[in-house]
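The listed protein sequences correspond, in order, to chains F and C. The opening residue of the first sequence carries number 176 in the numbering used here; numbering runs sequentially from there. The opening residue of the second sequence carries number 25 in the numbering used here; numbering runs sequentially from there.
Simulated from the structure, these hints should not be mistaken for lab results. Every residue gets a Cβ at the ideal spot worked out from N, C-alpha and C, and that includes glycine. Just so you know, not all the hints are guaranteed correct.
If we take Cβ atoms under 8 Å as the criterion, some of the chain F residues that face chain C in the derived model are [to be verified]:
no., residue
1, Asp216
2, Ile304
3, Gly305
In silico EDC-like cross-links for lysine to aspartate or glutamate, where the CA-CA straight-line distance does not exceed 20 Å [to be verified]:
no., chain 1, residue 1, chain 2, residue 2
4, F, Lys357, C, Glu39
5, F, Lys319, F, Asp228
6, F, Lys319, C, Glu192
7, F, Lys319, C, Glu183
To be clear about the criterion: a stretch of chain F counts as covered by chain C if any three or more of its residues have a C-beta under 8 Å from a C-beta of chain C, and this derived list gives those stretches [said to hold, decoys possible]:
no., stretch
8, 188-196
9, 200-214
10, 306-317
11, 333-347
12, 351-363
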Amino acid sequence: MNPSAELRLAPAPAEEERALLRRAREGERAALDALVSRYTDDVYAVALRVLGDPEAARDASQDAFVNALRGLRRFRGDASFRTWLLRIALNTARSHGRRVGRRREVALEAVNGQAEKGSDPAAGALARIGAEQAERAVRRLPEKQRLAVTLRIQRGLSYREIGEVTGSSEGAARVNYHLGIKRLREWLA
Amino acid sequence: MTHMSCEDVSDRLAELAGDRAPDGALDAHIQGCRACAGELALLAALRAGTPAAPAGLRESILARVADVEPSRAWAWSAPRLVAWRAPRLGPWWGAGALAAAGLAAVVIGGALLRGEGPGAEAAELLASSEVELDGPALAEWPGADGLLAGAPVLAELSEEELETLLEEMES
Numbered sequence: 176m177n178p179s180a181e182l183r184l185a186p187a188p189a190e191e192e193r194a195l196l197r198r199a200r201e202g203e204r205a206a207l208d209a210l211v212s213r214y215t216d217d218v219y220a221v222a223l224r225v226l227g228d229p230e231a232a233r234d235a236s237q238d239a240f241v242n243a244l245r246g247l248r249r250f251r252g253d254a255s256f257r258t259w260l261l262r263i264a265l266n267t268a269r270s271h272g273r274r275v276g277r278r279r280e281v282a283l284e285a286v287n288g289q290a291e292k293g294s295d296p297a298a299g300a301l302a303r304i305g306a307e308q309a310e311r312a313v314r315r316l317p318e319k320q321r322l323a324v325t326l327r328i329q330r331g332l333s334y335r336e337i338g339e340v341t342g343s344s345e346g347a348a349r350v351n352y353h354l355g356i357k358r359l360r361e362w363l364a
Numbered sequence: 025m026t027h028m029s030c031e032d033v034s035d036r037l038a039e040l041a042g043d044r045a046p047d048g049a050l051d052a053h054i055q056g057c058r059a060c061a062g063e064l065a066l067l068a069a070l071r072a073g074t075p076a077a078p079a080g081l082r083e084s085i086l087a088r089v090a091d092v093e094p095s096r097a098w099a100w101s102a103p104r105l106v107a108w109r110a111p112r113l114g115p116w117w118g119a120g121a122l123a124a125a126g127l128a129a130v131v132i133g134g135a136l137l138r139g140e141g142p143g144a145e146a147a148e149l150l151a152s153s154e155v156e157l158d159g160p161a162l163a164e165w166p167g168a169d170g171l172l173a174g175a176p177v178l179a180e181l182s183e184e185e186l187e188t189l190l191e192e193m194e195s
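All chains, please: the whole structure from these sequences, using the hints.
Listed below in structure tokens is the structure:
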């Protein structure tokens, strides 16, 4: 858990990143290091949301960067490098999941404070939600909503960028986000 | 001060990270809306609970990629960007439907200009009366996010309705 997570919500300046990519394509180690450092957290977040297991997510993250590097010269630049890389991370994690069988569930405790049917979501109850409780609840969401909420709130992507990563429309990304938040509020109220 | 809907607030809160500058309209809405105040607390908890990459992951990735040469001929293709698409019609159905619609528009338009047909009376009524539009101004309708003007407000939909909307958008 990262209680003081520093979110990099603003995208890297486009020109700076283009220069970095150019140098990485030419094999410059420092440029490669910079790209890995910049996006490790993003890639791991996607892998963890797909696989649910930190060890599997760690393996998938490494493979995702290898896959991306091998395909770097094919990156056309019509999407941002970040969303391109995260799309690779998503596909790589899903491949991992298929290879090892069903998604390995981290042992989940019951979400504390789950509302009984008919109760009204109260601001007071939500205000007392801890970070761990919220994180456990996110893991329960279906994959599309899990990813939309994670990428929006924890990684700072726009709906358009989420759509580029997940292969859906911007509108569908927005709907998945709202559906995820709605479910979380119901579970945690 | 611009009045904000719960959905506007939800989208705005999602944009903000941690500490935020005072925003009169946003703060006024949150102070008066328990649901949105609760969502603000939920988002803060989610952000605080952001999983951190395990220690040493960056180094292990760098070690793995150290020996990988970017390949010219690797089969991986860049992901295809999927924009929101209008429903696809088959080539002949699509062309036929468009042609029929165009012809109908010409016929109906001509009839209206001559003051004929069922639409003519309606056209006269509209021209002679002051019609007040009830609802948000056009400028407030969702624009570039793939939802058409007139689309439902997401915050007001149930889970089942949201899932149905998703199925329609993704089909």
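Structure-based check of each hint:
Because the smallest distance between the Cβ of Asp216/F and any Cβ of chain C comes to about 5 Å, under 8 Å, the interface hint for this residue holds. Proximity of Ile304/F to chain C holds as hinted, the smallest CB-CB distance being about 5 Å (cut-off 8 Å). A least Cβ separation of about 6 Å between Gly305/F and chain C falls short of the 8 Å threshold, and the interface hint therefore holds. Only pairs whose Cα atoms come within 20 Å are accepted, and Lys357/F paired with Glu39/C is accepted, the gap being roughly 17 Å.
Under the criterion of a C-alpha separation no larger than 20 Å, the hint pairing Lys319/F with Asp228/F is consistent with the structure, at around 17 Å. For the hint linking Lys319/F to Glu192/C, the alpha-carbon distance of about 15 Å falls within 20 Å, and the restraint holds. Distance hint between Lys319/F and Glu183/C is fulfilled; the C-alpha atoms sit about 14 Å from each other, no more than 20 Å. Against chain C, the stretch 188-196 of chain F contributes 0 residues with a C-beta closer than 8 Å to a partner C-beta. That does not satisfy the three-residue criterion, and the hint is violated.
Look at the stretch 200-214 of chain F against chain C: 7 of its residues bring a Cβ nearer than 8 Å to a Cβ of that chain, three or more, so the hint holds. Here the stretch 306-317 of chain F counts 6 residues with a CB under 8 Å from a CB of chain C, which clears the bar of 3, and the coverage holds. Restraint check on the stretch 333-347 of chain F versus chain C: 10 residues with Cβ-Cβ distances below 8 Å, three needed, restraint holds. A count of 10 residues in the stretch 351-363 of chain F with a Cβ less than 8 Å from any Cβ of chain C is obtained; the coverage claim is therefore met, three being the minimum.
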